[in-house]
Amino acid sequence: MRVIDSHTAGEPTRVILEGAIDLGAGSLAERAARLESDHSDFCAAALCEPRGHDAMVGALLVEPSHSDCATGVIFFNTLQNLGMCGHAAIGVAVTLAHLGRIQPGTHRLETPVGVVEVALHDPHTVSVVNVESYRHLKGVKVAVENWGEVTGDVAWGGNWFFLVKDSPVAIEAANIRALTEMSLATRDALERDGITGRDGAWIDHIEFFGPPTVAGAHSRNFVLCPGGAYDRSPCGTGCSAKLACLAADGDWPAGAEWMQQSVIGSTYVISYQPGHDMGIIPKITGQAFVTSHATLIFDPTDPYAKGIRC
Amino acid sequence: MRSTKTIHVISCHAEGEVGDVIVGGVAPPKGKTLWEQRSFIARDETLRNFVLNEPRGGVFRHVNLLVPPIHPDADAAFIIMEPEDTPPMSGSNSICVATVLLDSGILPMTEPVTEIMLEAPGGLVRVRAACRNGKAEEISVRNVPSFADKLGAALEIEGLGTICVDTAYGGDSFVVVDAQALGFDLVEDEASELARLGVRITQAANEQLGFSHPENPEWDHISFCAFCGPLTPTATGMRGQSAVAIRPGKIDRSPTGTAVSARMALMAARNQLTVGQTFEAVSIINSTFTGRIVGEAQVAGRPAILPEITGRGWITGIHQHMLDPDDPWPQGYRLKDTWGV
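Chains as they are written, first to last, in numbering that gives the first Met the number 0: chain F, 0 to 309; chain A, 0 to 340.
Only chain F is shown next, with the shape it has when bound in the complex:
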């Protein structure tokens, strides 16, 4: 399996150039469904130890069904397929540029959930336009065990988020353990109180905000992902949910650039245009860097050819 590894604002992506699996014909959604149903070991084999690790997101390149798309891509984590992933879309664009397969300009990536437009500005800098994002609930109060009352908004940015404006714990790398514990407790409290996204959707991402530490940035965030890992980057979908809240409060105008800093200090520049319904169409600009070219080898006698789950 030939892969190229990169990181987007610190968050790793593994682009799979040749997956050595046959997903058959059909739409990308059909082929992605076949990846999950017929090749259930694929995700763990490519991303789990000993060949990868928990925080990695995979991007399997496949033939697009639309001829105007630069590539088809199926995003996945160590467990399952992902519909769309902001940092990995940036990683894919930078990897394609690294291979000389795309030049600066606008390109279309076909994903199982639709076509995503990416703009390659230079070999490292990419803008991604996300799905329409909106705020669902404002000023929700929830009693969090060990941490007291926390107030936040519920918003959609491609995933469901609970966003807390003023984190009681400073957003910095040294506090990651405390931030993780607080976020997990907040997620439990939301579940306990039956607070959900639209149509009862589980809120699986928790996001806390605090003041930034780099010049030009407007905010710093900590994002807990569903598996309990935190996002090294400022989180593309989390930024979209943030913009939806800012727009709904009238705190940030369309087209203006907001700089979001992550817990490790990396940044995305984000902005939005008004959406078709009540929401907004967010644009996320970030940088990715290639870190490795690799060929993964799966020896049939290797007891961990399908990955280790610890």
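To be clear, the hints were calculated from the coordinates, so they are not data collected in a lab. In this text the structure is predicted, and so the values were computed from the model without any measurement. Think of the CB as a built atom: it goes at the ideal place given N, C-alpha and C, for glycine as much as any other residue. Do not rely on the hints blindly, as some may be mistaken.
Unchecked claim - Restraint-style ranges between C-beta atoms, simulated for each label pair: (1) F:E190 to A:G158: 53 to 61 Å; (2) F:E171 to A:V293: 49 to 57 Å; (3) A:R1 to F:E116: 25 to 33 Å; (4) A:R42 to F:S39: 41 to 49 Å; (5) F:E144 to A:T161: 49 to 57 Å; (6) A:T45 to F:R1: 43 to 51 Å; (7) F:T195 to A:A152: 51 to 59 Å.
Given the coordinates of chain F, assemble chain A onto it according to the supplied hints.
Frame of chain F; chain A shown alone:
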């Protein structure tokens, strides 16, 4: 494509524990001996940070650098880089290095058995590989003389009170504790708790007991905590499970070759195992190394054993690690969620 580094790596694991091997792209480090070269790598940190830290590495990854051998008897030499240590010797890493050297053809393979001599910072390592159809299927590593240091020492652990521990050296230095007495079954669900407690026990052992290798005063600390399960007799010796906590806080996926050696030294000191007998060591993910006492020795007048560790390694990939000159993290980064307790 721009890259200010191109480091060629063949990745590998031994019974679940990752031990990647740098086969090219790095100039030999400064130093007249392998130990001096190892000390340069440890002090300089550039290579360690680049390959061990995120985003290229992670807390579970060990990386070995192949260097030209210095000892006239050695076929190849390597320097071991672990998250917090640049140790004298490592069993799982030796198995990975031998697997990569033979399976990728850096050293010639003879079937059914290939014998090679590796040079590690801690000394010469004799390797016997069972080979078939171009694959080194089983690697036996002769480890450095291993010895018990303190038997049944009292150790104060905050929150736990006084516990009874042993200390021993098996190519690396260990504090050894009874897992059952602390309420552990050594199953995967306990991994996180074992990792955190193990680091605390190691720290306490360094403060209260300490360790100094009698022939290498520069190795003057305890590296790891081994939680050991009960022993059961087998036809050729003993079998037992263990979990080794590695700083800054993870459990070895393999049974840890140096821990198996240290434990056999302790068993020999208690007359539980003798020359020619085997110890089947089982890891937290149920992978196995077989240890064997192949002889007796002395280290600065103390009784020691000559241990041999047998395990299996598999190549998992071929990588070229690169550094874009604009990458804001040329040294990578490590964060306390996985890198510290």
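Hints, verified against the model:
1. F:E190 to A:G158: 53 to 61 Å: violated (31 Å)
2. F:E171 to A:V293: 49 to 57 Å: For V293 of chain A against E171 of chain F, whose Cβ atoms are near 52 Å apart, the range 49 to 57 Å holds.
3. A:R1 to F:E116: 25 to 33 Å: Holds, at about 27 Å.
4. A:R42 to F:S39: 41 to 49 Å: Cβ of R42 of chain A to Cβ of S39 of chain F: about 47 Å, so the range 41 to 49 Å holds.
5. F:E144 to A:T161: 49 to 57 Å: violated (33 Å)
6. A:T45 to F:R1: 43 to 51 Å: violated (28 Å)
7. F:T195 to A:A152: 51 to 59 Å: The hint (51 to 59 Å, Cβ to Cβ) holds, given that T195 of chain F and A152 of chain A are roughly 55 Å apart.
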